[in-house]
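> What follows is each chain in one-letter form.
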Amino acid sequence: MVEPVDHESVYDSLLGGDDSQWAFGTDFEDPLAGVDTTVPDGVDHHDLAIYCLMLADDALVMSHRLSQWCSNAPDLEEDIALANIALDLLGQSRLLLARAAAANLSVVPAMPHGSPVPPEDALAFFRTDREFLNVRLVEAENGDFGQTMARLLVFSTWRLAIFQRLAASRDTVLAAVAVKGVKEMTYHRDYAGRWFMTLARGTEESRRRVVAGLQAVWPLQAELFETHSVELSVTEAGVGVDPATVSAEVQVLLEQVLSMSDVERPDIGALARVRGENGRDGLHTEAFSLMLAEMQVVARAHPSGSW
Amino acid sequence: MVGQAAGLSASFPTEQERAFAIAAEVTDPEMPMLTLQDLGVLRDVECAENAVVVTITPTYSGCPAMATMRDDLVHRLHDHGYDQVEVRVSLSPAWSSDWITPRGREALADHGLSAPGPAPQHDGPVGLSLLPTRRPLICPRCGVAEVELTSEFGTTACKALYRCTSCLEPFEHVKEI
Numbered sequence: 130m131v132e133p134v135d136h137e138s139v140y141d142s143l144l145g146g147d148d149s150q151w152a153f154g155t156d157f158e159d160p161l162a163g164v165d166t167t168v169p170d171g172v173d174h175h176d177l178a179i180y181c182l183m184l185a186d187d188a189l190v191m192s193h194r195l196s197q198w199c200s201n202a203p204d205l206e207e208d209i210a211l212a213n214i215a216l217d218l219l220g221q222s223r224l225l226l227a228r229a230a231a232a233n234l235s236v237v238p239a240m241p242h243g244s245p246v247p248p249e250d251a252l253a254f255f256r257t258d259r260e261f262l263n264v265r266l267v268e269a270e271n272g273d274f275g276q277t278m279a280r281l282l283v284f285s286t287w288r289l290a291i292f293q294r295l296a297a298s299r300d301t302v303l304a305a306v307a308v309k310g311v312k313e314m315t316y317h318r319d320y321a322g323r324w325f326m327t328l329a330r331g332t333e334e335s336r337r338r339v340v341a342g343l344q345a346v347w348p349l350q351a352e353l354f355e356t357h358s359v360e361l362s363v364t365e366a367g368v369g370v371d372p373a374t375v376s377a378e379v380q381v382l383l384e385q386v387l388s389m390s391d392v393e394r395p396d397i398g399a400l401a402r403v404r405g406e407n408g409r410d411g412l413h414t415e416a417f418s419l420m421l422a423e424m425q426v427v428a429r430a431h432p433s434g435s436w
Numbered sequence: 024m025v026g027q028a029a030g031l032s033a034s035f036p037t038e039q040e041r042a043f044a045i046a047a048e049v050t051d052p053e054m055p056m057l058t059l060q061d062l063g064v065l066r067d068v069e070c071a072e073n074a075v076v077v078t079i080t081p082t083y084s085g086c087p088a089m090a091t092m093r094d095d096l097v098h099r100l101h102d103h104g105y106d107q108v109e110v111r112v113s114l115s116p117a118w119s120s121d122w123i124t125p126r127g128r129e130a131l132a133d134h135g136l137s138a139p140g141p142a143p144q145h146d147g148p149v150g151l152s153l154l155p156t157r158r159p160l161i162c163p164r165c166g167v168a169e170v171e172l173t174s175e176f177g178t179t180a181c182k183a184l185y186r187c188t189s190c191l192e193p194f195e196h197v198k199e200i
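Chains as they are written, first to last, in this note's numbering: chain A, 130 to 436; chain B, 24 to 200.
Check before you lean on any hint, since a few could be wrong.
Claimed, not checked - Label pairs and their in silico Cβ distance ranges:
no., chain 1, residue 1, chain 2, residue 2, range
1, B, A71, A, L234, 43 to 53 Å
2, A, D170, B, R164, 50 to 60 Å
3, A, Q385, B, A44, 47 to 57 Å
4, A, G171, B, T188, 53 to 63 Å
5, B, A71, A, T301, 20 to 30 Å
6, B, T124, A, S200, 34 to 44 Å
7, A, P432, B, L153, 43 to 53 Å
8, A, V403, B, T188, 27 to 37 Å
As the list claims (entries may be wrong) - Chain A residues, not near chain B, derived (Cβ > 12 Å throughout):
no., residue
9, L219
10, M326
11, T327
12, E352
FYI, nobody ran anything at the bench for these hints, they're computed from the structure.
The C-beta atom is built at its ideal place from N, Cα and C for all residues, glycine as well.
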């Protein structure tokens, strides 16, 4: 006698009735489950939520851009490295989006009645481009590997400087996210800095490309140090960091990499504001709309979907 | 009633120690040679009647294994008679590779993985490091110290890729963080 084999689903026999072992569970959970999300005294809930969205959107959009390298990187090791960095940033973004929702639920887009979409997903997939508050640096096209390294160097140097200060935030959730993020982004910045130097000191072609990459992203770096009124408000309340205060430190660090790489600091003006607005005001470039459309299309097609 | 496994109860003076021992057996989904206790992710187990509150700390912000760890803890404690199991996430203090226990380090080595050295300590601004990280590692397969870093990023968020230049085998190193 041969035991009948159930060909209905190969997964059933793999799982043995216990789906908790399958591919990291069958659903996502609130990344802040069980964490005390009480807003500290004297802090405006809405300002804190908006500030968390700014930091979350920077990480989410940068993460998505880096994930576009998946299966396209120059070799397998860099493919894995870029995916790892994207994953760290996605993790930061999830915590920050959840923190924004916990600080003020009114920032979360309304979903159809009974939709199981959690607040962090509603924020990531159901806001329009004008509602995203990321700096424009992170939304630009990847360009080639050299340009991606140039952007990652500028971005991780800036964000690491912000997060080192954010570790002292009166908001315990932001402080915890920052302490964790500093550990992760130390690896990101070293990775980008080493590749920048390697490419600049490599072949004529690799040098040409990384220098062109730096020039392509340079107009977007001035915006990183402009202070939005919400950033000022949360800084005064002791929960946020005024990005203007990290400018000197970031420039010194970038200068270290540039001089080791024998690359001159670009002399290119900043990308202008549009009607006085930039990324932090929800004003974005064309590349962002296209990226967002691709990132959101599946979730938007299923607003009551369970993932 | 909790005392389903009477034998197990008898070996632990308190209910809390019994619940902790059960939670401590749950393994990491990506590195199943390590228990959550070995990895330093299991921070606390509190017990009242047949309700248990377990506190865990994620290794990396984006670690996708957190949901599975949570499910596995709930399942394991349910199986031992605890009806109400709550898993709390504690973000502070942040996880450090220093929390991996000596037993965990031995388990890593037994399975061909290289255990982390001391985590970097930062007083003041974190310095930029433009030269490849140098770690005094030995190949977990052949034991020689001739190894080279392939990539600071590996198959999971917590690992770097190395290669032994003697036996030529690749191996993974759990990163210092």
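> Are the hints correct? Go through all of them and say.
Hint check results:
The beta-carbon spacing between B:A71 and A:L234, approximately 31 Å, falls outside the hinted interval of 43 to 53 Å. Remark: the range hint 50 to 60 Å for A:D170 to B:R164 is upheld by a beta-carbon distance near 56 Å. Distance hint for A:Q385 and B:A44: a CB-CB separation of about 51 Å, consistent with the stated range 47 to 57 Å. Evaluation of the 53 to 63 Å hint for A:G171 and B:T188 yields a pass: the beta carbon distance comes to about 58 Å.
Against the hinted window of 20 to 30 Å, the Cβ-Cβ separation of B:A71 and A:T301 comes to about 25 Å, which satisfies the hint. Remark: the range hint 34 to 44 Å for B:T124 to A:S200 is upheld by a beta-carbon distance near 37 Å. At roughly 47 Å, the beta-carbon separation of A:P432 and B:L153 lies within the given 43 to 53 Å, and the hint holds. Range check, A:V403 to B:T188: about 54 Å between beta-carbon atoms, so the 27 to 37 Å window is missed.
A Cβ of chain B approaches the Cβ of A:L219 within 12 Å, the least distance being about 5 Å, so the stated non-interface status is violated. Once the 12 Å rule is applied to beta carbons, A:M326 is inconsistent with being away from chain B; the minimum gap is 6 Å. For A:T327, the shortest C-beta to C-beta distance to chain B comes to about 9 Å, within the 12 Å cut-off, and the non-interface label is violated. No beta-carbon of chain B is positioned within 12 Å of the beta-carbon of A:E352; the least distance is around 22 Å.
In this structure, the hints that do not hold are numbers 1, 8, 9, 10, 11, in rising order.
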